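We have chain A; now place chain B onto it with these hints.
Single-letter residue listing:
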Amino acid sequence: MVDKDKGSKKVSRRKFLVRGGLGTIGIVAIGAYIFRNPIRRQILGMVNSIEAPYTDNTDKPMVWFEVTTDNDIILYSPKMEMGQGTFTGIAQMAADELSVSVSQIKVVHAASSTGNVDSFATGGSTSISGLWNPLRELAAMLRVMLLKEAAVKMNVGVDELTVEDGVISGIKKTLTYAQAAEGVENWEVPYVPALKNKKDYKYIGQPIPRVDLDAKVYGDPIFGMDADMPDMLYGSVVRPSKIGSTFVSADITVAENMAGVVKIIVEDDFVGVVANSMIEAEHAKDAITVTWESHENLDTATITKMMTVGNGNSTTIQKNGGAFNEDDDFETLEFRSPIGAHAQIEPNGVVASVEGDSVTIKISTQVVGITRKEVAKRLDLNIEKVNIVPTYLGGGFGRRLHTPYAVQAAVMSKAVGKPVKYFFSRKEEFQHDMFRPPTHHIIKGKLNNDGYLNTLEHEFVSGDVATDSALLSNALTNFLGADVGAIRGGFIQYTAIPNFRAVYWHVILPFATSWWRSLGLLANTFAMESFIDEMAIKAMKNSVEFRLRQIGEEPIDIRLKNVIKAAAEKANYTEEIVDGRAMGFAASIDANTPCAQVAEVSIVDNEIKVHKVTVALDPGLAVNPDQIRAQCEGCVIMGMSAVLYEQMFVDDGELTPTIYGPYQMALMKNAPKEIDVLLLQGKDTPGAVGEPPLGPIGAAIANAVRRLTGERLTQLPLKLSARS
Amino acid sequence: MKISFTVNGESMTVDIADENTPLLWVIRDTLNLKGTKFGCGKAACGACTLHVDDEAVRSCSYAVKFAEGKNITTIEGLGERENPHPVQQAWIEEIVPQCGYCQPGFMMATAALLNKVPTPTDEDIDKNIINVCRCGTYYRMRKAIHKAAELHAHRVMNESKEL
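Those protein sequences? They're chains A and B, same order as listed.
Heads up: the first sequence begins at -16 in my numbering, then just goes up one per residue.
Heads up: the second sequence begins at 58 in my numbering, then just goes up one per residue.
Just chain A, same shape as in the assembly (with noise of 0.2 Å):
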């Protein structure tokens, strides 16, 4: 276990930055440098255990606030909002600390301008948990500087001053936030002061409603499919349709002399069309030829073979005890997922300006410092004349942890002269996907005498996930022997058995892979806990029983077991069948939060139905318990999608299927109509939320079906086998 609490280096004094006017009476806005060790965290971050603080790498100091004459308080966000509900909780936090009203923080996103840059990304359920410490230093130290000034203004003292809903009140006068900050040029920055004590919490531990509904709920244009500039002109991008294609040509005769087409840009690595509405610069695309080099024709099969364990390199990310090659009576279960497409429904898009040597983009992105990088270097430019405008995200789910795209449109900007929209076409959404990677999964157990495990191994392979992207490389594989992502989930949680092995093997797909929501947990959940389920049956004992007695007693072992027993009595677990239901169980942990969910299915027409889950999450404290419910709602649903439904394939040699409906997901009437969300609080501070409760819910729902049918399914998507 690492220190969390090293993560909570205080902000130096001397790494403040406050900058009064900006041209507009009453306005301060505070920003501060904060070093961190980002390297470190990027790994540490990733592995299964471990929470990553918020991270940044800057020397230059960073826009957190402003107060408005109105006294509100802008909060500018280095972390993005996609749903996942941290706008809400940052200002809960930042509420707190302020004692101010929560309606009186706006959130927006920091533009890279502010230097308020996130220099890893928006992802890994990090943003609260990390967030945690430093934002609520930073809003503690902007209520003390006001406080004093406020206390000059009044000539009395700070100490006779009390602040609520941002008005500081003396004896006999008050003054706003922003009435205390007017005119003050020489700031005295505090030592960090003490945070408040959770009894004195307003705001944090609220269900209060999400700060963006009202915009979500109305339509606002806030998403960056929304994001216009003027004189705007619209591009699109040749993309080849088969796997592994290099450019070779381009014939552009035809497409150069078509209506509305302004300009066609022919570059090393991609081909792009301006035109003045999307639709002519779609008809321009299609007319171009382009020569593609490309790979054999590839098919499932032959990347079902490749991703097989045995495959590739190995290492043991985790070994206790020993006796693993006996290879007498091992009970033996093989399973396997498929690739997956992130499918959210904003497709990748971008608006870039290059004027001179400046460049705007606005972009749906989770990963802006990398995106403001990468257009920098491409354009040769000074880093600080690129602005990014994040916008809000259509879903994230990891899909934006690398933009390319900003590039393209920069360029395509820069030789038009005017500002570029362009954006994924839904086809290309699904073909040049960087997918969740297949996986396969080998795990031997064998019971003692008194039916528990003695030995239990999981040998895994899987394509790339954290590594060989842009935020990290595939060197970083190569030095720690394992994919930092492709690993999590595929650690044994059952550490009181005497004799366990995890070994992970790491194969190159010929496609990109990368970043899905959770990660590896999903797979590698799946097939290790219905292995569990599957001796469990094998030595005749309840299942909860039998995974409560080969948990170990370490904290995180005491939340696990925890989640477990509150999972099982809220759902009244039984392994009977009742009025053709049956309930099946499972249960994980993901960066130190762990998760039990109970499923109760049916077969309906032969096909699997979940009517209710139960979820237990131990998140740590509830920043936002309602926001919480809603991201264990949203995990149970997109997690059943994927594992009943989704399944890309490679039919010679493209990726298919390239539309929702063949792609099949989860809709309206597969959703479970129950859901029972139960939160526990093992520990004080918030941990990871957005994917923990990812993990169970493959499992829970082949267990119940193993229960129902007797059939234990071991391939993602779960199907059932044709009955008479």
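Honestly, I wouldn't trust all of these hints.
As the list claims (entries may be wrong) - Covered by chain B, per the in silico footprint, the following chain A stretches (three or more residues, Cβ under 8 Å):
1. 194 to 201
2. 252 to 263
3. 377 to 387
4. 617 to 626
Stated by the list, open to error - In silico DSS-like pairs for lysine-lysine, Cα to Cα no more than 30 Å straight-line:
5. A/K702 - A/K553
6. B/K99 - A/K652
7. B/K59 - B/K127
8. B/K122 - A/K410
By construction, these hints were calculated from the structure, which means they are not laboratory data.
Predicted model, so just to flag it, every value in this text is computed and none were measured.
Quick reminder that beta carbons are idealized off the backbone N, C-alpha and C, glycines included.
Relative to the frame of chain A, chain B by itself:
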């Protein structure tokens, strides 16, 4: 060609080069109403759902020429912050949206359903609400749809009392 229609109660005429342009792009780019979303362009996800003469239509696959003389409603015209449509009110009360991108399409589809079936059963909902939501908000959406039906019924009742 010139095409005349009503959008959110306002009569207008637009000049569109290609009459087969999907209505979605006229709404989004010509009229700058960005609440109606592009998701797939093939009427497969429903993010672009709006109303044409009170019917839910997937506007990415509906040529603008067919909108001549029609009455179009988008999410911007469904209700307003001071006077939300029952569907929007229910969405707020149930705190439905996560990323929010698909939500206007779902709300428009729900409003169209309630016009025809004021108190839909779960089966009605399953059969008619067939848009795609990646965040998995279906569970709250179902609750919100039932709540919207209640709010809608109250409103109709109150209106008839006033008459």
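Hint check results:
no. : hint            : verdict
1   : 194 to 201      : holds (count 7)
2   : 252 to 263      : holds (count 3)
3   : 377 to 387      : holds (count 4)
4   : 617 to 626      : holds (count 6)
5   : A/K702 - A/K553 : holds (28 Å)
6   : B/K99 - A/K652  : holds (21 Å)
7   : B/K59 - B/K127  : holds (14 Å)
8   : B/K122 - A/K410 : holds (26 Å)
Figure legend: structure checked against the earlier numbered hints; every hint is met.
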